[in-house]
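Chains as they are written, first to last, in the working numbering: chain A, 1 to 229; chain B, 1 to 229.
Please keep in mind that the hints were generated in silico from the structure rather than gathered at the bench. Small disclaimer: the values here were computed from a predicted structure and weren't measured.
Here are the computed lysine-lysine pairs in the BS3-like style, where the Cα-Cα straight-line distance is at most 30 Å:
1. K199(B) / K82(B)
2. K153(B) / K82(A)
3. K82(B) / K153(A)
4. K82(A) / K199(A)
Number of protein chains: 2
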Amino acid sequence: MRRAVVLLSGGMDSATTLAEAIAQGFEAHALTVRYGQRHEVELERAAAVAHAVGAASHRLASVDLAFAGGSALTDPSIPVPKSREDETIGAGIPATYVPARNTVLLSLALAWAEALGARDLFIGANAVDYSGYPDCRPAFLEAFEALAGVATKAGVEGESFRVHAPLMRLTKGEIVRRALELRVDLSLTWSCYDPAPGKVPCGRCDACLLRARGFRDAGIEDPALRARP
Amino acid sequence: MRRAVVLLSGGMDSATTLAEAIAQGFEAHALTVRYGQRHEVELERAAAVAHAVGAASHRLASVDLAFAGGSALTDPSIPVPKSREDETIGAGIPATYVPARNTVLLSLALAWAEALGARDLFIGANAVDYSGYPDCRPAFLEAFEALAGVATKAGVEGESFRVHAPLMRLTKGEIVRRALELRVDLSLTWSCYDPAPGKVPCGRCDACLLRARGFRDAGIEDPALRARP
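Chain A extracted, bound-state conformation (with noise of 0.2 Å):
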């Protein structure tokens, strides 16, 4: 059975590329960063969510990307941006970005890809996102892959590397069906970026904006709100 290193971040984009991992036939080794994220709630969500996809195992690693500052989701002195009106999503890269977060988290994955004897990594990535980060992008990915490929001692020794974005294409309307088909529990994921007292989603930052828009266009109502009025 060939390995996969699946990034799990704890939300609805991970877990569903997580469940394609499974469901393409890979042994999924799920891997959550704490890279100094003020949306912290994440990490415990990513160990139920792995625990319950059915990843074949879970490991958390810590990086310190606040030190480098420059982005609302690692510096307190940052504010997330909150919008009332989800049309502003995409246009421009937004406060949230964190600064070359998806390649210190490819680089992260490939690093026990090489332990584990992996050639296949998984981000949940998408389309949406595409429009707003610069590391969600197709072309982020491809050259992501190369670099693998002269990175290693597998590339040395003639092997490649595939970075997998299931859901790259997908609205997020399509990922909550897409969960749904593989029976993904959305209840256990979580989005909010922002949350507030007692873990409670804030509703307004652009990743509630987004679920919540993913919910809407599929015609269901959300699980997480469900379960947590």
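Following the hints, complete the assembly by docking chain B onto the known chain A.
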């Protein structure tokens, strides 16, 4: 004055690389990474080197690479190889290879570069390590430059990044001579992968042997040995 981020380990090569960046006219910001290496002593040396050589600033970032395993440098259960003859150095990829280490280090440098507005990264990769570590080769650095161009906000805006490895084609002896030309105090630097108690270099790991070869070829006594007999 153009800013650059310089990866600084506390070793001879990265100290010389920092001096090169400054000599080339950059405002050099030094980044040291705690990644779970067993030779943590290099971290305190890095701070001394950054100050002595003249970095504009110095930061320490932390990343847990021990989580992935697979290397003698981060896993205490894997012994650091000891050679009696340094002729064997370069035959295959050594046990001290840390999976994807330079990919992770350059990713962190890239994150800081984005926040600082720097477009230049410096790394002390060189041709001697090149024979053993895949992620010290020119092809790796070129692939990282290509990745940086698509991974970042600056890249999307049409700017490009450059990864400088000014020691790439130098022998260890030439690095020692270049360090002295640039007035780098090599007594501050640390190379050993596997220090004995009391922070004494082991003298027999690849890093110690390569360092000794460099001073021998340059016809100079290692001031670090003289300072700490």
